Amino acid sequence: MKSAVTTVVSAADAAGRFPSMSDFESVKGSFDRAKARLEAAEKLASCLDKFTNLAVDAVYQNGSYEQANKDKCVRDIHHYLRLINYCLVTGGTGPLDEWGISGMREIIRIQLLPTTAYIEAFIFIRDEIKLNDVMSQQAETEFKGLLDYLINALA
Amino acid sequence: MLDAFSRKVVIADAKGSAIGSEDLADIRKYVADANKRIDATLAITQNVSCIASDAIAGMVCENTGLTQPGGHCYPTRRMAACLRDGEIILRYVSYALLAGDASVLEDRCLNGLKETYLALGVPTSNAIRAVEIMKVATVAIMTETNTGRKMFNGINSGSGAQCQDIAAEAASYFDLVIEALS
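Residue numbers (this note's numbering), protein chains in the order written: chain A, 61 to 215; chain B, 3 to 184.
None of these hints come from the bench; they were simulated from the model. Quick caveat, the model's predicted, so the values are computed rather than measured. Ideal placement from N, C-alpha and C gives every residue a C-beta, glycine not left out. Each hint should be verified, as a subset may be incorrect.
Said to hold, decoys possible - Only pairs whose alpha carbons sit at most 25 Å apart, straight line, appear in this in silico DSS-like list of lysine-lysine: (1) B:LYS152 - A:LYS62; (2) A:LYS62 - A:LYS88; (3) B:LYS116 - A:LYS62; (4) A:LYS88 - B:LYS116; (5) A:LYS190 - A:LYS110; (6) A:LYS130 - B:LYS31; (7) A:LYS88 - A:LYS110; (8) A:LYS204 - A:LYS110; (9) A:LYS132 - B:LYS17; (10) A:LYS190 - A:LYS88; (11) B:LYS31 - A:LYS110; (12) B:LYS31 - A:LYS95; (13) A:LYS110 - A:LYS95.
As the list claims (entries may be wrong) - The calculated label-pair distances, taken between Cβ atoms and stated as ranges, are: (14) B:SER127 - A:ARG77: 29 to 35 Å; (15) A:LYS95 - B:GLY123: 48 to 54 Å; (16) B:ILE13 - A:ASP92: 22 to 28 Å; (17) A:GLY76 - B:CYS63: 39 to 45 Å; (18) A:ASP187 - B:THR147: 25 to 31 Å; (19) B:GLU64 - A:HIS139: 29 to 35 Å; (20) B:ILE13 - A:GLN197: 28 to 34 Å; (21) B:THR69 - A:ARG77: 25 to 31 Å.
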């Protein structure tokens with residue numbers, strides 16, 4: 061799975077060479093950001109259910125979507141946030157790409173679920189929930205970066 | 003291929019749960035020890051030819067028949083192949099050490115290695131001996147307990163004495179190689 065270290069090792073292996081100084085630099089660079097990432101992952105894991113319910117309630121409140129789909133939406137939002145938690149741990153978008161984005165839009169469509177509801181829910185988490193209360197500024201930046209990535213992929 | 007981070011992800015995904023505080027402790031340790039890990043990997047990459055050639059030479063010294071006509075390291079072409087393989091094994095150990103996970107070593111180096119050696123007529127007992135010497139040499143260099151010149155160049159963490167844990171981890175990767183060949 062793609063992460064900061066495996067990318068470097070794959071490239072070195074393809075060339076048949078030992079890890080070089082620039083490889084070490086790039087690995088170290090990713091570790092410098094790791095503290096904020098891991099904090100975001102930890103806080104997200106503890107607030108996963110809360111964020112999911114807040115977002116889905118807000119989206120389904122105004123009645124523009126069929127209430128029957130709400131449970132499925134909760135399930136999927138929960139799934140996506142879990143994948144974001146994984147991405148925060150690995151430091152790359154590998155888990156989202158491999159397990160969340162490829163083919164997922166088609167699956168949402170085939171179940172006749174509105175993708176816009178998902179997008180609205182993630183935008184709600186990004187903009188409306190006061191993330192500062194639970195995590196630091198840097199952790200929030202890392203989390204929001206991945207939310208943006210997912211929103212763009214679903215749009 | 004996995005690393006210390008993605009290993010956690012694969013385990014958590016199998017359970018369908020998010021990665022919480024408990025699971026993050028190991029990863030935090032990995033990040034905190036990153037400098038030592040890089041130094042330990044450097045201890046391998048800067049001394050590759052020394053570690054490999056010493057190990058092969060040691061193996062031959064213990065069994066001088068290898069370089070005699072009819073021996074497995076005769077003629078020099080086969081001796082050269084032996085040195086090359088020593089370096090390849092060290093390369094994959096250095097990848098595994100950097101990643102903090104053995105999957106790259108297992109998938110790309112050890113999988114089928116024994117079968118290949120059997121098919122080529124390489125005596126695995128001698129190969130194992132060479133890997134054992136490489137293990138001892140690598141650990142000695144990483145912990146700065148080798149005799150002779152200083153071979154550890156701690157650019158990040160300072161001293162080899164601090165690399166004990168990482169050296170033990172490196173030794174475990176060599177053990178995997180030995181296990182795969184046994």
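Taking the hints in turn, this is what the structure says about them:
no.: 1; hint: B:LYS152 - A:LYS62; in the structure: 36 Å, violated
no.: 2; hint: A:LYS62 - A:LYS88; in the structure: 16 Å, holds
no.: 3; hint: B:LYS116 - A:LYS62; in the structure: 29 Å, violated
no.: 4; hint: A:LYS88 - B:LYS116; in the structure: 35 Å, violated
no.: 5; hint: A:LYS190 - A:LYS110; in the structure: 12 Å, holds
no.: 6; hint: A:LYS130 - B:LYS31; in the structure: 40 Å, violated
no.: 7; hint: A:LYS88 - A:LYS110; in the structure: 34 Å, violated
no.: 8; hint: A:LYS204 - A:LYS110; in the structure: 17 Å, holds
no.: 9; hint: A:LYS132 - B:LYS17; in the structure: 20 Å, holds
no.: 10; hint: A:LYS190 - A:LYS88; in the structure: 31 Å, violated
no.: 11; hint: B:LYS31 - A:LYS110; in the structure: 29 Å, violated
no.: 12; hint: B:LYS31 - A:LYS95; in the structure: 11 Å, holds
no.: 13; hint: A:LYS110 - A:LYS95; in the structure: 23 Å, holds
no.: 14; hint: B:SER127 - A:ARG77: 29 to 35 Å; in the structure: 30 Å, holds
no.: 15; hint: A:LYS95 - B:GLY123: 48 to 54 Å; in the structure: 52 Å, holds
no.: 16; hint: B:ILE13 - A:ASP92: 22 to 28 Å; in the structure: 25 Å, holds
no.: 17; hint: A:GLY76 - B:CYS63: 39 to 45 Å; in the structure: 29 Å, violated
no.: 18; hint: A:ASP187 - B:THR147: 25 to 31 Å; in the structure: 57 Å, violated
no.: 19; hint: B:GLU64 - A:HIS139: 29 to 35 Å; in the structure: 57 Å, violated
no.: 20; hint: B:ILE13 - A:GLN197: 28 to 34 Å; in the structure: 30 Å, holds
no.: 21; hint: B:THR69 - A:ARG77: 25 to 31 Å; in the structure: 29 Å, holds
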